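Place chain B on chain A using the hints.
Number of protein chains: 2
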Amino acid sequence: MPQAESEPPAFQTVAIIGVGLIGGSLGLALKQRRLAKRVIGVTRRAETLQAALSCGAIDQGSHDPAEAVSEAALVFLCAPVKTIIEQLEAIKSSLPAGCLVTDVGSTKLEICSAASELLPTSVTFIGGHPMAGSEASGVAAARADLFEQATWLLTPTGGTPGASLDRLSSLISALGAKPLVMTPEEHDELTAAVSHIPHLLAAALVNLTTKVSEEHPEALEIAAGGFRDMTRIALGEPGIWRDVFLSNREAVLSQLVELKEEIERLADRMRDGDAEGLQQLLAEAAQARAKLNNRQ
Amino acid sequence: MPQAESEPPAFQTVAIIGVGLIGGSLGLALKQRRLAKRVIGVTRRAETLQAALSCGAIDQGSHDPAEAVSEAALVFLCAPVKTIIEQLEAIKSSLPAGCLVTDVGSTKLEICSAASELLPTSVTFIGGHPMAGSEASGVAAARADLFEQATWLLTPTGGTPGASLDRLSSLISALGAKPLVMTPEEHDELTAAVSHIPHLLAAALVNLTTKVSEEHPEALEIAAGGFRDMTRIALGEPGIWRDVFLSNREAVLSQLVELKEEIERLADRMRDGDAEGLQQLLAEAAQARAKLNNRQ
Chain A
1 MPQAESEPPA FQTVAIIGVG LIGGSLGLAL KQRRLAKRVI GVTRRAETLQ AALSCGAIDQ
61 GSHDPAEAVS EAALVFLCAP VKTIIEQLEA IKSSLPAGCL VTDVGSTKLE ICSAASELLP
121 TSVTFIGGHP MAGSEASGVA AARADLFEQA TWLLTPTGGT PGASLDRLSS LISALGAKPL
181 VMTPEEHDEL TAAVSHIPHL LAAALVNLTT KVSEEHPEAL EIAAGGFRDM TRIALGEPGI
241 WRDVFLSNRE AVLSQLVELK EEIERLADRM RDGDAEGLQQ LLAEAAQARA KLNNRQ
Chain B
1 MPQAESEPPA FQTVAIIGVG LIGGSLGLAL KQRRLAKRVI GVTRRAETLQ AALSCGAIDQ
61 GSHDPAEAVS EAALVFLCAP VKTIIEQLEA IKSSLPAGCL VTDVGSTKLE ICSAASELLP
121 TSVTFIGGHP MAGSEASGVA AARADLFEQA TWLLTPTGGT PGASLDRLSS LISALGAKPL
181 VMTPEEHDEL TAAVSHIPHL LAAALVNLTT KVSEEHPEAL EIAAGGFRDM TRIALGEPGI
241 WRDVFLSNRE AVLSQLVELK EEIERLADRM RDGDAEGLQQ LLAEAAQARA KLNNRQ
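Protein chains in written order, with our numbering: chain A, 1 to 296; chain B, 1 to 296.
The following block holds chain A by itself, in its conformation from the complex:
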């Protein structure tokens, strides 16, 4: 029976490979909004499966990704970038024909290339990246409303069937998020600018301050709110970020060249004592940043 247009698209069986903060929140949201009849969750650790079952994020647990996807109409790969590629390898021979596979990894070009190389042509892969998260991690921190109002990037390629993209977009809207479609290349270039480069700068800034504080321990006393805000993202899990940087190194290194030009424009005006030019650049930044405040 065809669904009425106002009905959200419900899937019979959804497999979530990796039930941490994102995978767990996804399970909770799918169940709460009745978007999946059955959610199967896969993790390595028995305690995590138990916790996911107890909080209602999944209906059924498994330690075997291949087994878990064998009846799935939709598969979410929820892990750091490198692990997602291992997951693709693990499920590739067990996916039912017509299955829709997506992921939530922080980079897209490497994952989409791996999917196109590894997965059979009988299934459709569409890269995904919800711009949501929190400093907390693990299924214990999962929340059904984690994706509400969050932008959720989708990166189809030339070969992606339009109907599959529509179905995944509708599901993401039904989860309360805002789907935004772009190519894997665009995704990696934009996240390099607004996510990966900021992380790299925060790490460099903290490491500079560590060096300064070896000679002047007072440096840490005077690191006030602005410094703390600015470097908070450097608290991110080093192993996950290492893989993000390595996976997206071309875009990050290329944006870094641009960033250094922006830094030099400011530094040049300082060197030249060009008060007007310096104020102009600072004012442009202040205005652009204020617009960002107005967006939300």
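These are computed hints drawn from the structure, not numbers from a lab.
Because the structure is a prediction, the values reported are computed rather than measured.
Wrong hints could be hidden among the right ones.
Straight-line Cα separation of at most 30 Å, BS3-like style, residue types lysine-lysine; simulated pairs [stated by the list, open to error]:
{"#": "1", "chain 1": "B", "residue 1": "K260", "chain 2": "A", "residue 2": "K82"}
{"#": "2", "chain 1": "A", "residue 1": "K211", "chain 2": "B", "residue 2": "K178"}
{"#": "3", "chain 1": "B", "residue 1": "K260", "chain 2": "B", "residue 2": "K82"}
{"#": "4", "chain 1": "B", "residue 1": "K92", "chain 2": "B", "residue 2": "K178"}
{"#": "5", "chain 1": "A", "residue 1": "K178", "chain 2": "A", "residue 2": "K92"}
{"#": "6", "chain 1": "B", "residue 1": "K82", "chain 2": "B", "residue 2": "K31"}
{"#": "7", "chain 1": "A", "residue 1": "K260", "chain 2": "A", "residue 2": "K211"}
{"#": "8", "chain 1": "B", "residue 1": "K178", "chain 2": "B", "residue 2": "K37"}
{"#": "9", "chain 1": "B", "residue 1": "K211", "chain 2": "A", "residue 2": "K291"}
{"#": "10", "chain 1": "B", "residue 1": "K260", "chain 2": "B", "residue 2": "K291"}
{"#": "11", "chain 1": "B", "residue 1": "K178", "chain 2": "B", "residue 2": "K291"}
{"#": "12", "chain 1": "B", "residue 1": "K82", "chain 2": "A", "residue 2": "K260"}
{"#": "13", "chain 1": "B", "residue 1": "K37", "chain 2": "B", "residue 2": "K92"}
{"#": "14", "chain 1": "B", "residue 1": "K260", "chain 2": "A", "residue 2": "K291"}
{"#": "15", "chain 1": "A", "residue 1": "K260", "chain 2": "B", "residue 2": "K291"}
{"#": "16", "chain 1": "B", "residue 1": "K291", "chain 2": "A", "residue 2": "K82"}
{"#": "17", "chain 1": "A", "residue 1": "K260", "chain 2": "A", "residue 2": "K291"}
{"#": "18", "chain 1": "A", "residue 1": "K291", "chain 2": "A", "residue 2": "K211"}
{"#": "19", "chain 1": "B", "residue 1": "K92", "chain 2": "B", "residue 2": "K82"}
{"#": "20", "chain 1": "A", "residue 1": "K211", "chain 2": "B", "residue 2": "K291"}
{"#": "21", "chain 1": "A", "residue 1": "K178", "chain 2": "B", "residue 2": "K260"}
{"#": "22", "chain 1": "B", "residue 1": "K82", "chain 2": "B", "residue 2": "K178"}
{"#": "23", "chain 1": "A", "residue 1": "K291", "chain 2": "B", "residue 2": "K82"}
{"#": "24", "chain 1": "A", "residue 1": "K37", "chain 2": "A", "residue 2": "K178"}
{"#": "25", "chain 1": "B", "residue 1": "K211", "chain 2": "A", "residue 2": "K260"}
{"#": "26", "chain 1": "A", "residue 1": "K37", "chain 2": "A", "residue 2": "K92"}
{"#": "27", "chain 1": "B", "residue 1": "K211", "chain 2": "B", "residue 2": "K260"}
{"#": "28", "chain 1": "A", "residue 1": "K82", "chain 2": "A", "residue 2": "K92"}
{"#": "29", "chain 1": "A", "residue 1": "K82", "chain 2": "A", "residue 2": "K260"}
{"#": "30", "chain 1": "B", "residue 1": "K260", "chain 2": "A", "residue 2": "K211"}
{"#": "31", "chain 1": "A", "residue 1": "K31", "chain 2": "A", "residue 2": "K178"}
{"#": "32", "chain 1": "B", "residue 1": "K260", "chain 2": "A", "residue 2": "K260"}
{"#": "33", "chain 1": "A", "residue 1": "K82", "chain 2": "A", "residue 2": "K31"}
{"#": "34", "chain 1": "A", "residue 1": "K178", "chain 2": "A", "residue 2": "K291"}
Relative to the frame of chain A, chain B by itself:
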């Protein structure tokens, strides 16, 4: 009559030149904690004086800095860096002998040099810099508790009488803040690392994103919490920051060389695909940043 040691040092007349967020909060705190018998506030605008009088931040208002300091035992210069130097010029011939003069400017070397050049030897100047503030500004945002628990940097020089430094330190402790003594050179080097360089990076990052968003407007959609935290300081008043950068340009440009080395260490490991080395640098940053959380 000598004060008992437990008594905070009360001043007969305190002049505050510039009654905005900092000057106004200072007046409120001095009055509330009974650290000044009389507070005279100076601003150009009549409405600001009226507001400062109404909220009890000052007992008496004036538009003339020279007149206001003529009976003061203690003078606070509360303005952006360049204006403080103009204030020194304006008050230099009217300061009573024995008067203690201090300021709250964001850089210290230029101000302390100007004070030593301009002020008569019959008065003592000690540079100051409370590490407190807020995104709000103006006397309407003034709060008596603004300095509570804040680090307040003091930068005496070789010629500063020990008794004057002790008296100012005690007053600052009595205001609820934590005085921290260093040389003007150290002050400017440390604030370059933990305040001025972060501001410069935030501005460069926003300007990079503006450039990227000209081709890809989606960049602004995906600028999530981390990016917003990281660039919040770029909202600061461009004219004030222009003067901070110009006043402290030697230290900022020299720290910038160090920062670029830290960035290159990360970039080199990306280029080399050195996963272990990259993770090491990110882990050092995460650990150092976590220690900062534990401090407060």
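Going through the hints against the structure:
1. B:K260 - A:K82: Holds, at roughly 29 Å.
2. A:K211 - B:K178: Given pair K211 (chain A), K178 (chain B) holds - Cα atoms ~24 Å apart, limit 30 Å.
3. B:K260 - B:K82: With Cα atoms ~29 Å apart, K260 (chain B) and K82 (chain B) stay inside 30 Å; holds.
4. B:K92 - B:K178: 29 Å, holds
5. A:K178 - A:K92: Given pair K178 (chain A), K92 (chain A) holds - Cα atoms ~29 Å apart, limit 30 Å.
6. B:K82 - B:K31: 28 Å, holds
7. A:K260 - A:K211: With a Cα-Cα distance of about 21 Å, the restraint between K260 (chain A) and K211 (chain A) holds, given a limit of 30 Å.
8. B:K178 - B:K37: 23 Å, holds
9. B:K211 - A:K291: Cα-Cα ~14 Å, so holds.
10. B:K260 - B:K291: Given pair K260 (chain B), K291 (chain B) holds - Cα atoms ~23 Å apart, limit 30 Å.
11. B:K178 - B:K291: 20 Å, holds
12. B:K82 - A:K260: Given that 30 Å is the threshold and the Cα spacing comes to 29 Å, the pair holds.
13. B:K37 - B:K92: 23 Å, holds
14. B:K260 - A:K291: 29 Å, holds
15. A:K260 - B:K291: With a Cα-Cα distance of about 29 Å, the restraint between K260 (chain A) and K291 (chain B) holds, given a limit of 30 Å.
16. B:K291 - A:K82: Roughly 29 Å separates the two Cα atoms, so the pair holds.
17. A:K260 - A:K291: 23 Å, holds
18. A:K291 - A:K211: Cα-Cα ~35 Å, so violated.
19. B:K92 - B:K82: 16 Å, holds
20. A:K211 - B:K291: 15 Å, holds
21. A:K178 - B:K260: 37 Å, violated
22. B:K82 - B:K178: 26 Å, holds
23. A:K291 - B:K82: 29 Å, holds
24. A:K37 - A:K178: Status holds; Cα separation ~23 Å.
25. B:K211 - A:K260: Within the cut-off at roughly 13 Å; holds.
26. A:K37 - A:K92: 23 Å, holds
27. B:K211 - B:K260: 21 Å, holds
28. A:K82 - A:K92: Satisfied, since the Cα-Cα distance of roughly 16 Å is no more than 30 Å.
29. A:K82 - A:K260: 29 Å, holds
30. B:K260 - A:K211: The given pair, whose Cα atoms are some 13 Å apart, holds under the 30 Å limit.
31. A:K31 - A:K178: 19 Å, holds
32. B:K260 - A:K260: 9 Å, holds
33. A:K82 - A:K31: 28 Å, holds
34. A:K178 - A:K291: Distance of about 20 Å is within 30 Å: holds.
Checked against the numbered hints above, the structure violates hints 18 and 21; every other hint is satisfied.
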